[in-house]
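Q: Protein chains in written order, with our numbering: chain V, 1 to 362; chain C, 1 to 339.
Just to be clear, a hint being listed does not mean it is correct.
[Said to hold, decoys possible] So the derived label-pair ranges between C-beta atoms look like this: (1) V:T103 to C:N24: 57 to 63 Å; (2) V:E73 to C:S281: 24 to 30 Å; (3) C:K66 to V:N234: 33 to 39 Å; (4) C:L178 to V:K117: 31 to 37 Å; (5) V:N322 to C:P152: 35 to 41 Å; (6) C:D318 to V:N234: 21 to 27 Å; (7) V:D277 to C:R156: 35 to 41 Å; (8) C:P152 to V:Q338: 55 to 61 Å; (9) V:N234 to C:L321: 35 to 41 Å.
[Claimed, not checked] Pairs of lysine-lysine, DSS-like flavour, derived with a Cα cap of 27 Å: (10) C:K154 to V:K116; (11) V:K242 to C:K158; (12) C:K308 to V:K117; (13) C:K158 to V:K117; (14) C:K244 to C:K154; (15) V:K222 to C:K308; (16) C:K244 to V:K116; (17) C:K244 to V:K330; (18) V:K337 to C:K158; (19) C:K158 to V:K222; (20) C:K308 to C:K244; (21) V:K330 to C:K8; (22) V:K306 to V:K248; (23) C:K154 to V:K242; (24) V:K248 to C:K154; (25) V:K222 to C:K8; (26) C:K8 to V:K248; (27) C:K244 to V:K337; (28) C:K319 to V:K116; (29) C:K319 to V:K337; (30) V:K222 to C:K244; (31) C:K319 to C:K66; (32) C:K244 to V:K117; (33) C:K308 to V:K337.
Think of the hints as simulated: they come from the structure by calculation, not from any bench. Even for Gly, the Cβ is constructed at its ideal location relative to N, Cα and C.
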Amino acid sequence: MDKTSLFSRAGLIALLPLLVISKPGLAAPSEQQWAELNRAIAEQHIVPRYQALASASASLKTATSQLCAAPSEATLAAAQQAFHSTMDAWQGIQHVQFGPITTLMRNFSMQFWPDKKNLGGKQLNSLLNAKDHQTLDDEYFRAASIGVKGLPALERLLFGKAQAKVMAEPFACQLSASIAGYVAGMGQETAQEWQQYGQEFVAIDGNGYYEDNTEAATDLMKSLVEPVEVVRDNKLLRPLNKSASSPKPRRAESWRSERSLRNIRINIETLDALYRDTGKVSVASLLQAEDPTRAKQIDSDFAAVKQQLADLRDPIATQLRNPQGYAALKQLSDQLKQLHGNLEAAMQPLNIQLGFNSRDGD
Amino acid sequence: MLFASACKSRDGRHLLLLVDEEGNEVLQHPLPGRAHHVACHPQQPLLAAVARRPERFIDLVDFRDKHLLQRIDAGEGRHFYGHAIFSGDGRYLISSENRLSDGSGRITLRDSQQGYAIVADHPSYGIGPHEIALLAGGSQLAIANGGILTHPDKGRDKLNLDSMQPSLAIIDLHSGELLEQQFMPPSLHQLSIRHLDVNARNEVIIALQYQGDAWDDVPLVALHRPGQPLQLLRAPAGVNRQMKQYCGSARFDRSGRYAAVSSPRGDLITFWDSRDGRYISQSRVRDGCALSATGRAGEFLVTSGRGKAYHYDLLRGDKQLQPLQLQQPVSWDNHMTLV
Numbered sequence: 001m002d003k004t005s006l007f008s009r010a011g012l013i014a015l016l017p018l019l020v021i022s023k024p025g026l027a028a029p030s031e032q033q034w035a036e037l038n039r040a041i042a043e044q045h046i047v048p049r050y051q052a053l054a055s056a057s058a059s060l061k062t063a064t065s066q067l068c069a070a071p072s073e074a075t076l077a078a079a080q081q082a083f084h085s086t087m088d089a090w091q092g093i094q095h096v097q098f099g100p101i102t103t104l105m106r107n108f109s110m111q112f113w114p115d116k117k118n119l120g121g122k123q124l125n126s127l128l129n130a131k132d133h134q135t136l137d138d139e140y141f142r143a144a145s146i147g148v149k150g151l152p153a154l155e156r157l158l159f160g161k162a163q164a165k166v167m168a169e170p171f172a173c174q175l176s177a178s179i180a181g182y183v184a185g186m187g188q189e190t191a192q193e194w195q196q197y198g199q200e201f202v203a204i205d206g207n208g209y210y211e212d213n214t215e216a217a218t219d220l221m222k223s224l225v226e227p228v229e230v231v232r233d234n235k236l237l238r239p240l241n242k243s244a245s246s247p248k249p250r251r252a253e254s255w256r257s258e259r260s261l262r263n264i265r266i267n268i269e270t271l272d273a274l275y276r277d278t279g280k281v282s283v284a285s286l287l288q289a290e291d292p293t294r295a296k297q298i299d300s301d302f303a304a305v306k307q308q309l310a311d312l313r314d315p316i317a318t319q320l321r322n323p324q325g326y327a328a329l330k331q332l333s334d335q336l337k338q339l340h341g342n343l344e345a346a347m348q349p350l351n352i353q354l355g356f357n358s359r360d361g362d
Numbered sequence: 001m002l003f004a005s006a007c008k009s010r011d012g013r014h015l016l017l018l019v020d021e022e023g024n025e026v027l028q029h030p031l032p033g034r035a036h037h038v039a040c041h042p043q044q045p046l047l048a049a050v051a052r053r054p055e056r057f058i059d060l061v062d063f064r065d066k067h068l069l070q071r072i073d074a075g076e077g078r079h080f081y082g083h084a085i086f087s088g089d090g091r092y093l094i095s096s097e098n099r100l101s102d103g104s105g106r107i108t109l110r111d112s113q114q115g116y117a118i119v120a121d122h123p124s125y126g127i128g129p130h131e132i133a134l135l136a137g138g139s140q141l142a143i144a145n146g147g148i149l150t151h152p153d154k155g156r157d158k159l160n161l162d163s164m165q166p167s168l169a170i171i172d173l174h175s176g177e178l179l180e181q182q183f184m185p186p187s188l189h190q191l192s193i194r195h196l197d198v199n200a201r202n203e204v205i206i207a208l209q210y211q212g213d214a215w216d217d218v219p220l221v222a223l224h225r226p227g228q229p230l231q232l233l234r235a236p237a238g239v240n241r242q243m244k245q246y247c248g249s250a251r252f253d254r255s256g257r258y259a260a261v262s263s264p265r266g267d268l269i270t271f272w273d274s275r276d277g278r279y280i281s282q283s284r285v286r287d288g289c290a291l292s293a294t295g296r297a298g299e300f301l302v303t304s305g306r307g308k309a310y311h312y313d314l315l316r317g318d319k320q321l322q323p324l325q326l327q328q329p330v331s332w333d334n335h336m337t338l339v
């Protein structure tokens with residue numbers, strides 16, 4: 001069954017004489033090129049990152065159990081370190097918002113954020129006060145509210161005010177171990193399911209989830225373009241608030257563990273890797289052939305964003321509260337806007353429609 | 001003819017296209033901006049392409065002579081919401097509008113015998129009226145009051161999400177009198193009533209859009225029977241989630257028993273039985289939104305933002321691609337009408 005539309009078939013025929021003289025930049029990427037890229041992104045970018053999350057969260061589970069077995073500064077530091085590794089891994093795959101991570105709301109369960117109504121805090125406190133041992137088992141966690149079963153809840157216990165309770169009360173410590181166990185379970189299941197789900201991006205024949213390679217590529221390109229805006233809106237503009245006189249540091253992501261900027265740095269490195277580090281064929285190489293000017297702009301945007309991030313140190317609260325820091329964050333947000341605009345504009349020469357009714361409906 | 005729809009072409013132009021049964025483009029009319037719904041006159045070869053908010057045009061196009069008959073402007077202090085229909089006798093063009101001075105929803109009748117001059121301006125009994133449909137008999141109108149306040153000065157920003165009160169209103173077309181109104185229950189007041197269709201029994205199928213938190217799992221379809229409260233319909237757990245809190249269009253089939261509801265963000269169409277409100281099945285259509293009943297019971301035409309068109313036979317569970325021969329690839333807009 002030929003999946004190409006009449007259009008692209010007609011287009012291909014019309015372009016054949018031009019292709020013979022092999023001039024670049026005259027046609028959108030072919031189905032074959034997308035097929036290669038889809039496979040490379042699934043196998044070399046997504047799957048290893050979910051495996052890293054599974055492995056980091058398994059270590060986190062172990063570290064919290066060891067903390068509860070023998071609470072000490074050393075075991076707490078080890079649990080905190082394991083939390084950082086898990087959050088690093090999560091920030092490196094947070095941009096993928098389709099497939100197994102969306103099953104059973106794993107994406108929200110893993111990180112219920114931004115938590116505008118402080119649901120997580122309220123629910124965690126009521127669990128800590130009730131001290132009901134039933135709330136510690138796996139069965140309970142499966143049905144529990146998404147506010148208490150992921151990384152933000154764990155961060156409160158390991159880094160926030162609740163940390164004293166974790167060190168002093170076995171129940172509170174057990175709660176952190178249970179949350180870590182749930183996070184590890186989600187990490188492992190997601191990585192496992194991607195072994196199968198990743199096949200949707202390989203050898204697309206129209207009988208699987210995707211109709212053709214371009215459609216499959218659309219989901220992958222969404223994961224490249226949309227997170228730039230999400231990072232800017234949620235992680236920068238919300239804490240920046242309206243002006244330098246009223247910043248909101250507690251709206252920043254992961255402020256308790258003082259890694260708000262580290263998260264953004266990982267997000268950008270991840271998107272940069274998705275853009276160019278997929279081997280022989282990459283989004284960068286396809287765009288270079290279609291629209292070298294745009295490709296150059298994107299290169300310089302990524303470089304500028306990374307440079308600005310390298311100059312900014314956590315905690316973000318310190319940056320938000322001094323004029324230079326505030327201005328630098330503002331500049332970073334502007335640079336991200338530019339990067340987002342250029343990535344979005346790059347979709348046209350690549351012939352990728354990120355969504356029409358789905359993105360801007362009425 | 002097969003269908004008429006607004007669309008955006010690959011080169012970025014907003015167009016009204018008419019496609020015949022072989023998939024050939026038989027009319028291409030350039031629009032002054034993005035349109036939403038297209039209404040077809042019941043007797044004459046006339047299409048009305050309606051601007052989506054906050055634009056102000058309705059292009060009336062004669063598709064036999066292929067020319068713009070008239071461009072209606074919403075007028076100072078007004079804009080359209082993307083939906084208009086012809087009255088059953090074809091004399092009046094009925095549209096949902098925003099009156100900016102007080103943000104109230106209006107239902108306006110324009111008379112084709114008086115050059116489409118406004119002859120009636122009724123309240124919609126809510127904010128943000130969106131799709132409208134005539135009830136059987138043609139003298140009563142169902143209105144989806146989305147509840148969301150917007151203002152052109154604020155672009156497409158939603159200004160009242162905390163206090164919105166969506167409702168379904170039934171009014172007398174000519175007097176404007178309110179005959180029935182059903183509200184969302186208070187706990188679901190952020191469930192916007194946007195799109196609807198009516199069958200011969202005057203049952204209304206409603207496609208909803210949720211404005212609350214991303215993790216909430218709320219019903220996204222509603223059914224209304226005359227005189228009764230809204231019956232909220234929920235798809236099986238996994239499917240309901242997959243609908244991504246957003247439905248874009250709803251249509252009954254020719255028999256009036258089955259309804260299709262599109263969820264373009266979730267890339268799927270769900271099918272429902274209006275006899276008991278039962279969920280029947282779903283079909284995957286990437287960025288699929290616009291729906292129309294075809295002449296056969298249980299069959300729908302679906303178009304997508306990827307420029308595809310499909311016939312879907314619900315009773316056989318069979319999806320067939322409709323080949324199209326267009327001048328260039330397009331993204332089909334939210335609604336489509338059979339001609």
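Q: Take the hints in turn and mark each one as holding or not.
A: Structure-based check of each hint:
no. : hint                         : in the structure
1   : V:T103 to C:N24: 57 to 63 Å  : violated, 43 Å
2   : V:E73 to C:S281: 24 to 30 Å  : violated, 58 Å
3   : C:K66 to V:N234: 33 to 39 Å  : violated, 49 Å
4   : C:L178 to V:K117: 31 to 37 Å : holds, 36 Å
5   : V:N322 to C:P152: 35 to 41 Å : holds, 39 Å
6   : C:D318 to V:N234: 21 to 27 Å : violated, 43 Å
7   : V:D277 to C:R156: 35 to 41 Å : holds, 37 Å
8   : C:P152 to V:Q338: 55 to 61 Å : violated, 27 Å
9   : V:N234 to C:L321: 35 to 41 Å : holds, 39 Å
10  : C:K154 to V:K116             : holds, 23 Å
11  : V:K242 to C:K158             : holds, 19 Å
12  : C:K308 to V:K117             : violated, 41 Å
13  : C:K158 to V:K117             : holds, 19 Å
14  : C:K244 to C:K154             : holds, 25 Å
15  : V:K222 to C:K308             : holds, 20 Å
16  : C:K244 to V:K116             : holds, 20 Å
17  : C:K244 to V:K330             : violated, 32 Å
18  : V:K337 to C:K158             : holds, 22 Å
19  : C:K158 to V:K222             : holds, 24 Å
20  : C:K308 to C:K244             : holds, 21 Å
21  : V:K330 to C:K8               : violated, 35 Å
22  : V:K306 to V:K248             : holds, 24 Å
23  : C:K154 to V:K242             : holds, 17 Å
24  : V:K248 to C:K154             : holds, 24 Å
25  : V:K222 to C:K8               : holds, 20 Å
26  : C:K8 to V:K248               : violated, 41 Å
27  : C:K244 to V:K337             : holds, 26 Å
28  : C:K319 to V:K116             : violated, 42 Å
29  : C:K319 to V:K337             : violated, 40 Å
30  : V:K222 to C:K244             : holds, 16 Å
31  : C:K319 to C:K66              : violated, 32 Å
32  : C:K244 to V:K117             : holds, 21 Å
33  : C:K308 to V:K337             : violated, 32 Å
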